[in-house]
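Trainee: Relying on the hints, combine the two individually framed chains into one complex.
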Amino acid sequence: MASTAETSRVMRTGANVRERIPGWGIDRDPKDRPSYPRERFDLEATGAHWNEPEHQAERQPRERSIEHAGLTPVFGTAQPLKGLSGVMRRAAYAKYSEARAAHWLMLIAADRVDAWEEHLRSMLTLRPDNPITETGVRAERRFDGPRARMGQGRTDVRHQVMDPLIVAGPWLVSGALAYLAGRSVIRSLRRSWA
Amino acid sequence: MLAMVYRGPYKLRVEEKDIPSIEHPNDAIVQVQLAAICGSDLHLYHGMMPDTRVGHTFGHEFIGKVVDVGSSVENLRAGDRVMVPFNIFCGTCYFCARGLYSNCHNVNPNATAVGGIYGYSHTCGGYDGGQAEFVRVPLADVGPTKIPDWMSDEDAVLLTDVCPTGYFGAQLGEISEGDTVIVFGAGAVGLMAAASSWLMGAGRVIVVDHLNYRLEKAQTFAHAETYNFTEYDDIVVEMKKATDYLGADVAIDAVGAEADGNLLQHVTAAKLKLQGGSPVALNWALDSVRKGGTVAVVGAYGPMFSAVKFGDAMNKGITINTNQCPVKRQWPRLFEHVRNGYLKPSEIVTHRFPLEEISDAYHVMSAKLDGVIKPLVVPSLA
Numbered sequence: 001m002a003s004t005a006e007t008s009r010v011m012r013t014g015a016n017v018r019e020r021i022p023g024w025g026i027d028r029d030p031k032d033r034p035s036y037p038r039e040r041f042d043l044e045a046t047g048a049h050w051n052e053p054e055h056q057a058e059r060q061p062r063e064r065s066i067e068h069a070g071l072t073p074v075f076g077t078a079q080p081l082k083g084l085s086g087v088m089r090r091a092a093y094a095k096y097s098e099a100r101a102a103h104w105l106m107l108i109a110a111d112r113v114d115a116w117e118e119h120l121r122s123m124l125t126l127r128p129d130n131p132i133t134e135t136g137v138r139a140e141r142r143f144d145g146p147r148a149r150m151g152q153g154r155t156d157v158r159h160q161v162m163d164p165l166i167v168a169g170p171w172l173v174s175g176a177l178a179y180l181a182g183r184s185v186i187r188s189l190r191r192s193w194a
Numbered sequence: 001m002l003a004m005v006y007r008g009p010y011k012l013r014v015e016e017k018d019i020p021s022i023e024h025p026n027d028a029i030v031q032v033q034l035a036a037i038c039g040s041d042l043h044l045y046h047g048m049m050p051d052t053r054v055g056h057t058f059g060h061e062f063i064g065k066v067v068d069v070g071s072s073v074e075n076l077r078a079g080d081r082v083m084v085p086f087n088i089f090c091g092t093c094y095f096c097a098r099g100l101y102s103n104c105h106n107v108n109p110n111a112t113a114v115g116g117i118y119g120y121s122h123t124c125g126g127y128d129g130g131q132a133e134f135v136r137v138p139l140a141d142v143g144p145t146k147i148p149d150w151m152s153d154e155d156a157v158l159l160t161d162v163c164p165t166g167y168f169g170a171q172l173g174e175i176s177e178g179d180t181v182i183v184f185g186a187g188a189v190g191l192m193a194a195a196s197s198w199l200m201g202a203g204r205v206i207v208v209d210h211l212n213y214r215l216e217k218a219q220t221f222a223h224a225e226t227y228n229f230t231e232y233d234d235i236v237v238e239m240k241k242a243t244d245y246l247g248a249d250v251a252i253d254a255v256g257a258e259a260d261g262n263l264l265q266h267v268t269a270a271k272l273k274l275q276g277g278s279p280v281a282l283n284w285a286l287d288s289v290r291k292g293g294t295v296a297v298v299g300a301y302g303p304m305f306s307a308v309k310f311g312d313a314m315n316k317g318i319t320i321n322t323n324q325c326p327v328k329r330q331w332p333r334l335f336e337h338v339r340n341g342y343l344k345p346s347e348i349v350t351h352r353f354p355l356e357e358i359s360d361a362y363h364v365m366s367a368k369l370d371g372v373i374k375p376l377v378v379p380s381l382a
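First to last, the sequence lines map onto chains A and B. Residue numbers for the first sequence follow the working numbering, beginning at 1 and rising by one. Residue numbers for the second sequence follow the working numbering, beginning at 1 and rising by one.
Don't take each hint at face value.
[Unchecked claim] Subject to a maximum C-alpha distance of 25 angstroms in a straight line, what follows is the list of computed DSS-like cross-link-like pairs (lysine-lysine): (1) K240(B) with K316(B); (2) K31(A) with K291(B); (3) K291(B) with K240(B); (4) K82(A) with K17(B); (5) K316(B) with K241(B); (6) K65(B) with K344(B).
The hints are simulated quantities; they were obtained by calculation from the structure and are not laboratory data.
This is chain B alone, in the form it adopts within the complex (with noise of 0.2 angstroms):
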């Protein structure tokens, strides 16, 4: 089959690789028809991400046919359509088992602090991920769910990950009706949060991100205002500015690791991996929320230490709420707000590319060309 595969920081190509085998009882094998590329995909295309080897497919968020089970599989069967989340889980763990997918305690060797993931390096438990033909579908019982028939692809893809994890960061956020909440990060993510924080009954959204086209989308997509911070000298005092010097209820860090806006933290983070991330967008998030708000956390920070402001979170008595989205979690809900129009996941894909062309892609992605925004990947066989 043809796979995405890592050859080092910055560089991808496309080989041939065996189509993976059933390994435990309860495997699935899919072939993938759709995936995705994830902002949080780039920490590892350049090189950010520990233990990430040459020779890995890349791909967490992925649709698909599925051609193989193994034989303790009940809930599926060769032909089904299926959406599969990001995070691979048992259902039966201590933290499965209080709802807590995403921090899985059975499915990833190399670490404790963060659970299975697709193709996202052996810090996240070494699974080839879905920018391939095929992939391997562990404890196929508990992750996937068949595709509803009203359902977009496209939608589909997007609720494996980003949609439910902007939907996600929003509930964090613990939004009470009337609320001011800023996002930092116009990226796919933070489009979702945005757009989120209407549904949990926010009162003003505001979204800070330095490309002018992603700041567009942000308003026609999100209803947000929008503040690109590279036109303020100091984009916490505008954000203090615009809410009356007290500061949001609610900020939001849709960024993560590569955070932009001060050269030092990013040079140290991305370029240098002197940290887990470059903590701009968390640390402007800290100073720009009000005193005893909150601070949710869906960008996708490394293992190692960042240089956070933690002295001004504690001093501002502020909550700060994290995690990884359990996807499966918020499917129900989010099905519902898809099917009625309230959550337009599709709307924020901005590009098509074959698998045949995906060092192109990343590159589009992670220069930021063209208005991208969410690329999509489409293996050949689909």
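Isolated chain A (complex conformation) (with noise of 0.2 angstroms):
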């Protein structure tokens, strides 16, 4: 069937939308929507009563984004950098832009640098990370997981069994490690022994 200038406009365009939705067109008019124009030059819409923010002190050094020329007059201070993966962190703002992979794959493996570091710090504390409150996992009996599940249809259910993979994943690795490095120790104060 050959497209003609007709054609299109089959789009059945509801006759009724008018009565069955409330407000039905009422921001019909594309330049009288509130984002338009997309770049609207209007400084007293804001509230800002300065022409440029003051500055918030850096109490300690800040990393930005090498696109920026500066520290941003305002910053979020939350969990300053520490640890391996805050070099890690560091070095992915101070030496690649937000064009290269590099930065974000950088501060990706940190993250998971940084997982690893507070967990094993949290087993130094009173309050260990417990994989079991804190996935959530309690909710699949409160709230009926597996019947959300089945005969659904749901697509992201074959993908949902590699979380616990991915949660767990660590924590196995982790124990197969320790098990191997005091397997060594002790074989080698045997031989030592012997």
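Mentor: Below you can see the structure in the form of structure tokens.
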């Protein structure tokens, strides 16, 4: 079937949409929409009473994108850099622009290192990480997880099976490494005693 | 104070943290009364967003009561009940001056490609978010607004992101009267985008997802035709059939980085973090829209590259419009629409969790249990 100039408006415009949908078409004038035009110079609209925001005190060296000319006047101070992950993050910011995959891959790698550092640190506290409570997996029982997934045709169920591996994988690997290290120490001690 | 704290991918807990303090003369400290979990929070929860640090408190949708203000704050005082847009913005930089509040250049030292966002990693500025009892609100004379007396708390909190973002998505679609609009994703943003499309004069609104309970909501809440893509061999072909083989005038990607529908795309993006996001919905949008049509993207993607079918976009002459929503620019109109009953954001709320149960709440949202669409978080002090 060939296309013709008239083919299109088969879009079956709902004849009764005006009656069926409260407010239908109230914003149909594109020039009367809040984000029109996309860029609209209007300094009065924001409530700002400065030409430039005052500069927040930089109490400790703050990492920044090298695509910025300097530190922005306002910035978040949550979770300052620390540990090995901090070294990695500082390097990612100092060396690579946002245009470089290396920048983001280093940051993601640092995120994993950060999690490891904090898991280990938590083991030395009275509140070690608890994968059962922290993953919220208890909600499976409370909200009948199996029934929510079965027979629903949900496509996400196919990859949800990977989630426990993502959570438990590092714990299993660290357990295995600890076991191997311990076994190696014991064996070397036995050899030295023999 | 109690705050939700990230402990690594798929792991959260509630911890005691220091109450935030005034760090800039135009800061306010807000006691959170109601917060929400956004679908985009799952990108953080799943470890997809670079520079998400252990200890970070998520939450970019919240309302609360001002308890302290900095020395230069003129428009707010202690005791005011405020709704806070998810964007942190200065109001006077090159971009804010032109209404691009979500692209503010003065609040995020960590990146130039994205503005400041509460509780959304250091890539978005390193600000703790509102899934806590208290939160620091920078540039308080610019972002927050007092909640009108007539507005419900639920509507107010949903007007801080999801409702404006959906409405903005429909605007990005440049809908003309009678247009056919396909919305990919029947989550909270998709529902709001579909409902908003009618206000822009759409003649037909189609919503695509794989969760039947959300598609049912799209029918009742947004009066949309719905398609479950798992029931079809190829959803793009179905969309072509449904539009007389031309394609829709407008397609809206309201899914973003963790789109399902292509296992390889999903696993390489969401699980292996080798892409900034799984662009399944975006690619379907590009292929389902007609030549010369418009694709609007309000689904959130990470900063890394993604395998987008750009050749199709170019060859079809598609206009692609994107941005994070500049929330405050939408508010005057949206306040009218909510007051007049044209948009009813609170109808998409499905759950209320105490802050202490935040890990359960995220698991429910992540695993899509119990018909979840929009969970709210209630701090114990509220």
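Trainee: For every hint, state whether the structure bears it out.
Mentor: We went through each hint and held it up to the structure:
Taking the CA atoms of K240(B) and K316(B), the gap is near 14 angstroms; set against the 25 angstroms cutoff, the hint holds. Between K31(A) and K291(B), the direct Cα distance comes to roughly 24 angstroms. Compliance with the 25 angstroms bound is thereby established for this hinted pair. Distance restraint check for K291(B) and K240(B): the Cα-Cα separation of roughly 12 angstroms lies within the 25 angstroms cut-off, and the hinted pair is therefore satisfied. Only pairs whose Cα atoms come within 25 angstroms are accepted, and K82(A) paired with K17(B) is accepted, the gap being roughly 18 angstroms.
Distance hint between K316(B) and K241(B) is fulfilled; the C-alpha atoms sit about 18 angstroms from each other, no more than 25 angstroms. The straight-line distance between the Cα atoms of K65(B) and K344(B) is roughly 23 angstroms, inside the 25 angstroms bound, and the hint therefore holds.
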